[in-house]
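**Q** The residues making up each chain are set out below.
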Amino acid sequence: MRYSVFSLSANALSGHRRWKRVWRDAEPAEAYDVVIVGGGGHGLATAHYLARNHGITNVAVIEKGWIGGGNAGRNTTIIRSNYGLPGNEPFYEWSMKLWEGLEQDLNYNVMVSQRGIVNLYHSDAQRDAYARRGNAMRLHGVDAELLSSDDVRKLAPFLDFESARFPIMGGLYQGRAGTARHDAVVWGYARAASQRGVDIIQNCEVTGFVQDSAGAIVGVETTRGAIRAGKVGLAVAGNSSRVAALAGLRLPIESHVLQAFVSEGLKPVIPGVITFGAGHFYISQSDKGGLVFGGDIDGYNSYAQRGNLPVVEDVCEGGMAVMPMIGRARILRSWGGIMDMSMDGSPIIDASPLPGLYLNAGWCYGGFKATPASGWCFAHLLATDRSHETATAFRLDRFESGHLIDEKGAGAQPNLH
Amino acid sequence: MRLPCPYCGDRDAQEFSYRGDAGPRRPEGEDGLFDYVYLRDNPAGPIRELWYHANGCRNWIVVTRDTRTHEVHGSSLARESGA
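Listed in order, the protein sequences are those of chains A and B.
Using this note's numbering, read the first sequence as starting at 444 and increasing by one per residue.
Using this note's numbering, read the second sequence as starting at 4 and increasing by one per residue.
A few of these clues could be false.
To be verified - Residues on chain B that point at chain A, a partial pick, calculated with CB under 7 Å:
1) Y10
2) C11
3) Q17
4) Y21
5) R43
6) A47
7) I50
8) L53
9) T67
10) T70
11) R71
12) H73
Unchecked claim - Pair ranges (Cβ atoms, derived):
13) R460(A) to P49(B): 49 to 55 Å
14) G584(A) to E74(B): 48 to 54 Å
15) D15(B) to A607(A): 27 to 33 Å
16) G32(B) to R749(A): 41 to 47 Å
As the list claims (entries may be wrong) - A few chain B residues facing chain A, derived, Cβ under 8 Å:
17) M4
18) G23
19) D44
20) N45
21) T72
Honestly, the hints are just simulated from the structure, not real lab data.
Just so it is clear, CB atoms sit at the ideal spot from N, CA and C, and this is done for glycine as well.
Just chain A, same shape as in the assembly:
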């Protein structure tokens, strides 16, 4: 069924009792052309674009828990394309363009809200760095604007502009950035993929891989039996190393915990996304009114999906420093997600050394915004065995060949990215 003003009205008049399930909770078949491991945003988007762009519909997405129950439900919903490096920027801009047409493509309201992002700068050197990044964005045809302190005052008068240590001198602004509704993204892709014949199989954890005599991957062993596959794609975020290890692979990835927080619901107070330049703190306001904010990863390897208090304190100090009014809001919830932190801070969309096995990993804490393009480019790779033109830099062998994409210039230490 397509959503339209008529279907909404008809269901409203009948008391919303006639809505049907929007996707099939499928049982595993014996074999598929493609099996995608991981029913989060990236995995489901991959299935959707495999079917939509390449006509490959004999596809299963297998998920160890329920769809959208991993990092798709543990992010801060920010979408943006304000990267500096040529390996990254075209890809994230492609993602931004897909976000802009996603609701029409999926016929599903994913609540894309382009309210802008401003990255604040607090020193001359930081202004120079942001001007450079903004220019790099514009060279790739992406909107970027360097704001003065007065411009930022008009946008967000509640910030602490006159702080003696970190005065706000201005900001780098991308007006097309914003937020999207994380659950709706998952459900929208699941519905669209399911309608095209993709099987979405929940409570189905991969326990091993099926290899042929030549060593190629030809299927997966799962808690619900073996499933044969022409190709297997991994999109398992923080568990990338664990699942790859089942195939005997070691990845240039460490898993770290990133915490995020949401306040009680407030009337609209924040115009878009704001990031503090003198500490690691970023904040936006959800459509429900909660202030959604976060900061640094905890900094040590973790699969625990919860962090420790020093980072809570650090994030809240950052918030108080840049936006003192946040001190009046109460934190309602916090959560931790497991980030697959790569060695250069950038993702991997590439074939693995094992024939038949493909990787979509290393998203660090930037995976949500990448969801549409990640799915698009991973589907392209699975269907054609070639990288999509915007994702040619996300190679697995770049660490060995020296073609790193290190936005921060932090080197091979994942907890610094």
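Position chain B relative to chain A; hints supplied.
**A** Chain B alone, transformed into the frame defined by chain A:
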């Protein structure tokens, strides 16, 4: 999280810097250098990892910790455990 420094006793983890898995060994030549710098086991479970007691005794220590629960199982001085 508190870490048991063999020299200082139980201390707040904030006093330490993290350097990751203590397993990889720097090879003598170029062979294996890529593995050493970039590849990690990244286990879900017990891991031996390097911490530097920067705001304490400045010893490098090896802590055994479970990455699923953050439970700490013990520690030793890095120079004594051959890390």
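**Q** Which earlier hints can't be squared with this structure?
**A** 1, 2, 8, 9
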